[in-house]
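Q: Generate coordinates for the entire structure from the input sequences, incorporating the hints supplied.
Chains as they are written, first to last, in the numbering used here: chain A, 145 to 460; chain B, 145 to 460.
The set of hints was computed from the structure by calculation and includes no laboratory data. It is possible that part of the hints are untrue.
Label-pair distances were calculated between CB atoms; the ranges are [stated by the list, open to error]:
id: 1; chain 1: B; residue 1: PHE229; chain 2: A; residue 2: PRO393; range: 51 to 59 angstroms
id: 2; chain 1: A; residue 1: THR210; chain 2: B; residue 2: LEU417; range: 26 to 34 angstroms
id: 3; chain 1: A; residue 1: SER332; chain 2: B; residue 2: ASP369; range: 26 to 34 angstroms
id: 4; chain 1: A; residue 1: ASP369; chain 2: B; residue 2: VAL359; range: 44 to 52 angstroms
Far from chain A by the CB rule (all over 10 angstroms, computed), these chain B residues [to be verified]:
id: 5; residue: LEU220
id: 6; residue: GLN312
id: 7; residue: LYS356
id: 8; residue: CYS396
id: 9; residue: GLN436
Here a beta-carbon is modelled for each residue, glycine too, at the ideal position from N, C-alpha and C.
Protein chains: 2
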Amino acid sequence: MNEASAYAPANIALAKYWGKRNEELNLPITSSLSISLNQYGATTTLKEHTQHDYFQLNGHAIEPNTEFSSRLTQFLERFRPHPNFYFEVDTHSTVPIAAGVASSACGFAALTLALNSFLDLNLDDAALSILARRGSGSACRSLWHGFVEWQAGKLDNGMDSFATPLPQEWHELRIGLLLFNTEKKSISSRAAMHQTVLTSPFYREWPQIVAKTLVTLHSAIDEKDFSLLGATAEANALAMHSTMLTSEPSICYWLPETVATMQKIWQLRAQGLELYFTQDAGPNLKLLYLQQDEHLIQETFPSIISIAPWNLQNAQ
Amino acid sequence: MNEASAYAPANIALAKYWGKRNEELNLPITSSLSISLNQYGATTTLKEHTQHDYFQLNGHAIEPNTEFSSRLTQFLERFRPHPNFYFEVDTHSTVPIAAGVASSACGFAALTLALNSFLDLNLDDAALSILARRGSGSACRSLWHGFVEWQAGKLDNGMDSFATPLPQEWHELRIGLLLFNTEKKSISSRAAMHQTVLTSPFYREWPQIVAKTLVTLHSAIDEKDFSLLGATAEANALAMHSTMLTSEPSICYWLPETVATMQKIWQLRAQGLELYFTQDAGPNLKLLYLQQDEHLIQETFPSIISIAPWNLQNAQ
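A: In structure tokens, the structure reads:
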């Protein structure tokens, strides 16, 4: 095959992936559960290239000696048909890069799917998820739309640590992206995660918190209990940020706008609006609400990007 | 005696008092350590009143049926020379009320000292501290200037739970108050503390965190290691706020200005300025720095109230 393309959506975790038990294999300490962002994701096209690997992101060449470029080359090593085979990887992303909207997740997921197709690998879902995970942990959840759960697994080699989609659909559910800052982060989520696991006195409570979060999320999804889903996701995000705030030195991804918006959300909720947030390793907030409140929320937050995760007609 | 007056300074905890093992007696789960705020505190004058208790705060009568008024009456019950004896309590505070600058602490401390004098009780320091604690937990630390440590104690009756001043002085140390909001808080520290102990999954780690904070603060004070003092106090405050953020529902005293200032402090520190903060159950920050940087910090934060805790010539 001369060329192969694949699309993978970004995803937002409702139960966060925060902490690795194996840094090299991206094996997590806990399971996690996400929703994919439908049309916001990455399309990756693969071709053969002469002399060396060549990477493009949104039409711009990626410099060969950057960290991102090394991660890609390292990832591709295990796929070369022969040692002198080089790849051209052209990625178009519709999500802001490095803004805490898991752009590396959809990028590595799309790359994995494109490789499977380009090299006729015919890998099954678990194998694809495991390979995507090697590129970026949460990429293993970006192979599907809708709710996706990543089982932490127990094996040292990580062969039981992969994601599977949940069968439940929830067409009324909406996710809104509120982007305060799309500049590159001062500390990468990878480094923040590592430092938190090593230094936060609260981290030892994290695995039990996530275990409880997952049980509650499953019943919220089964019973379509939106208040329970929202409150549980929000509490999980605040617990994750609390482990960061208490690491040494403290890691604070919150900007003044982040806190102003949290306060506004809590105020609106006190007035009866069913609106919740989650936050990843960045200053932006991701809002959770239902279709019935979408107009009101778009009026309240004019810059919001409102996503219907199960309304897939426009997705690739 | 017809009238008696006493002054007590407000205090800022470097190792926070956060969580009670006995709500009625204000017995804490952990010990705590504070610095007193010199001339910022409360002066309380006591007289006999006819018919009923009468309370004034900064020249304004306190309504008889408010929560504050009930707390004062309840506190005074154990001091009445006879059942039909009523007190007039006139308090002048130089700290903003209910803004997280422990105005109830200096108020109950001053009242305890004034009662001791007015009624000729000749109580010793431990007894005074225990009585002040019954009014408001951290009031037991407001009987002295400088560093004060409150030993949690172990007895059910609280007779071993009182504060004592530390002998060390640190004349170069400064505390700066940055007040973003002096309005009444949405949730009292009393209620926030109660809810946190009951619902935060991180609270179980708090006692060990404070134990470690206290050991480190003692060596920072002994060795006049300002970086260690500041970093330890700041980490303790962030840990306390993390227990609040993870309570159900979440308690967030942070305002946009709080986070903007934290970020500014971290940025200045990265540039070499020895500047740290602590924060109580309110949005305001209390900065820690040394005399040598006082001018620079006053230029950077023009609204700061800079306090020299051991420069007592102006204190009452």
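Q: Against this structure, judge whether each hint is valid.
A: These are the hints, each one checked on the structure:
1. B:PHE229 with A:PRO393: 51 to 59 angstroms: Check passed, 56 angstroms falls within 51 to 59 angstroms.
2. A:THR210 with B:LEU417: 26 to 34 angstroms: Holds - the Cβ-Cβ distance for THR210 of chain A and LEU417 of chain B, about 32 angstroms, lies within 26 to 34 angstroms.
3. A:SER332 with B:ASP369: 26 to 34 angstroms: Cβ of SER332 of chain A to Cβ of ASP369 of chain B: about 31 angstroms, so the range 26 to 34 angstroms holds.
4. A:ASP369 with B:VAL359: 44 to 52 angstroms: Since the Cβ atoms of ASP369 of chain A and VAL359 of chain B sit about 46 angstroms apart, the hinted range of 44 to 52 angstroms holds.
5. LEU220: With a cut-off of 10 angstroms, LEU220 of chain B remains clear of chain A, as the shortest Cβ separation is near 36 angstroms.
6. GLN312: 25 angstroms, holds
7. LYS356: 8 angstroms, violated
8. CYS396: Answer for CYS396 of chain B: violated, closest chain A Cβ roughly 6 angstroms.
9. GLN436: Answer for GLN436 of chain B: holds, closest chain A Cβ roughly 23 angstroms.
Hint compliance for this structure: hints 7, 8 are not met, and every other hint is.
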